[in-house]
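There are 2 protein chains.
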Amino acid sequence: MSSAPQPMRQRVEDYIRKLQDEIVLSLENIDPNAPKFKRDSWLRPQGGSGQSCVFAMPSTTTDDSDSNIASHRHESVLEKAGVNISIVHGTLPPPAIKQMRADHSSLPLPEDVPGGLPFFAAGISLVIHPRNPNAPTAHANYRYFEITETNNSSSSGGSGSTPKVLAWWFGGGADLTPSYLIEEDAVHFHKTLKDACAPFGSQLYPTFKKWCDEYFYLPHRGETRGVGGLFFDDLSELAHVRLPSPASYTSDIGSIDKGGPAAEKLRPETQEEIFEFIQSVGNAFVPSYVPIVQKRTTMSYTPHQRRWQLIRRGRYVEFNLVYDRGTKFGLMTPGARVESILMSLPETARWEYMCELGEDQDTEEGRLMGVLKNPRDWL
Amino acid sequence: MSSAPQPMRQRVEDYIRKLQDEIVLSLENIDPNAPKFKRDSWLRPQGGSGQSCVFAMPSTTTDDSDSNIASHRHESVLEKAGVNISIVHGTLPPPAIKQMRADHSSLPLPEDVPGGLPFFAAGISLVIHPRNPNAPTAHANYRYFEITETNNSSSSGGSGSTPKVLAWWFGGGADLTPSYLIEEDAVHFHKTLKDACAPFGSQLYPTFKKWCDEYFYLPHRGETRGVGGLFFDDLSELAHVRLPSPASYTSDIGSIDKGGPAAEKLRPETQEEIFEFIQSVGNAFVPSYVPIVQKRTTMSYTPHQRRWQLIRRGRYVEFNLVYDRGTKFGLMTPGARVESILMSLPETARWEYMCELGEDQDTEEGRLMGVLKNPRDWL
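Going down the list, the sequences are from chains V and C. Take 1 as the starting number for the first sequence in the UniProt record's numbering and just add one per residue. Take 1 as the starting number for the second sequence in the UniProt record's numbering and just add one per residue.
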């Protein structure tokens, strides 16, 4: 109706709501006989709201037939999955501002804003744990962060009057965690993400692919969490520590569809371009992942494979609880919704002392470990 | 043979080796038909050695009958258990010395020892996860830490020439984590520990009981890990932040068996007394815990109870990976033996989104939660 451009925070919120719907529907469509995702809307007392969409099979507590390592009963495609969005706002204390200034030089000195600054954050976060050990776990997360001037007038964080934005950035990524290495799946996942990055700069995929391998790494195990994907943070129109600086653009920046023999585009520069990039990789999640689940869920599997899957899920728990910044930050945040933060954990995980699985390189388990210990270029 | 008194590091090592043997044997005696604990000796490349004694049932990967929530098959009393000792030495860098000076004022200023200082640490650590949901999990840990002058002569850390000790202290404790609250078990556990503390000072049990409730607390869940026990650290002949200072002793310190109408003994003061206290609580582990397992392992249980037990084990994993100082320190230590550090994790753990179990105070699960949210005085 109105021709005035909407503020980015509103556009991001609209986008992640739509993306959540699409992803949940496409996951439900894989398995029409399974229960639907459970949709919970919640309010954060300190400001904001969200919607969690979670899949779980009802627990069978009345018979003796459910199983851990072995059973094929109750064969839903998914074992546990969550697709969450949250749109929150509040006040960022000066120490947090100090930390953020390293990557966001447009922020004021923390000592000049002793009362902190208002922030706004909107994001989508998802983790899918399929039941079949041949079907990989997937994770994705895309988020927008904004810091504004203190608004001495009426509403703070509402969509009425819009305070001046001091800094904004996007972050996110997607990664794949198989229990068994099926190379064509890793290639498909990476290729789909690379293609989604390509129109926005040639440096995005290689930079964010490397960052992903570095981020999802368990030092105490000497292995990555999975076969990687994309990971990035602090993406704005400012210089970025891992990307070529905007000043290095040689021509024709900001117009991704003019084509022609101009110099290679290295990265998105404007907010508009970056948001388009986010939508492109966000929209790539379903085509990057759902076909893999559809294909692998029909494969038969053994109790041995199930056991290995649960051990790998133990490593997933280790990464998320010991290293993941989002989880750690979330658990420390007063008023955070713990159920949403920890929905990333698998339904079941297993720890065996001195487990021999994965040690022999000539086994299927050992082939996965080879890749986790030495990340590979898939494309 | 020799009448020269042995150095404390040797006496502690001898004690924890004996204690490990006794605990493992008494656990094996509960269940004569189960496999024995697996004993692994290991060497730390950076200096030191240890022995892990671990119980696990062989994984059944060939049939379809093993189960997660429900099965009563393969009914060993224990599901997973580890009793480890380690005796390690190395060099403590100046930042670590700086941190330790807060509680150990006898240490030199870190700037005066730019090359760090030699340390020695010997400890026993155990976690027992029984299979029956009515039998609680138990954890105990007793350790001795010593910092010495840099030895410019021959051997470092060996038992030959003994360098001058700059600081030493003991730490440890024991705590009980039931899935179902059986009050007489909590009372028995606490009473056995209190009795073991009593000869060494009236302030030990109340101080260390409170410390235990504070330490084994999951802020993001607003609950303790279990029903507590003892927890302490930095116990030496110096002033202690939680105990009455040695100067407040009114008479007759250092002789615990003189008795008489002297003023009440508040805490152990000499190294000899503290080591006796450590042995007293260490020796109390078997009588505090084994009778409980023997009694509860004969109770029948339902799949519903097994499901709740696995959810509680998920909380155990959360505590150990997110908060436990020993685990975090261990995982960050180069050359640490990850298998020994993470043997504390249960064989299986479970995470359900928005699990309703425990919310209704009138259920057995809710009764446990009431105690975890409001720690109780058991004696």
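Hints were generated in silico from the structure; no laboratory data involved. On a predicted model such as this, the values are computed, not experimentally measured, just so you know. The reader is advised that the hints may include incorrect statements.
Unchecked claim - To be clear about the criterion: a stretch of chain C counts as covered by chain V if any three or more of its residues have a C-beta under 8 Å from a C-beta of chain V, and this derived list gives those stretches:
(1) 196-203
(2) 317-327
(3) 351-362
Here a beta-carbon is modelled for each residue, glycine too, at the ideal position from N, C-alpha and C.
Hint check results:
For the stretch 196-203 of chain C, the stated coverage by chain V is not satisfied: 0 residues place a CB nearer than 8 Å to a CB of that chain, which falls below the threshold of 3. With 4 residues bearing a CB less than 8 Å from a CB of chain V, the stretch 317-327 of chain C meets the requirement of three and the coverage assertion stands. Only when three residues or more bring their CB closer than 8 Å to a CB of chain V does the claim for the stretch 351-362 of chain C stand; here the count is 4, and the claim holds.
Against the hints set out earlier in the document, a violation occurs for number 1 only.
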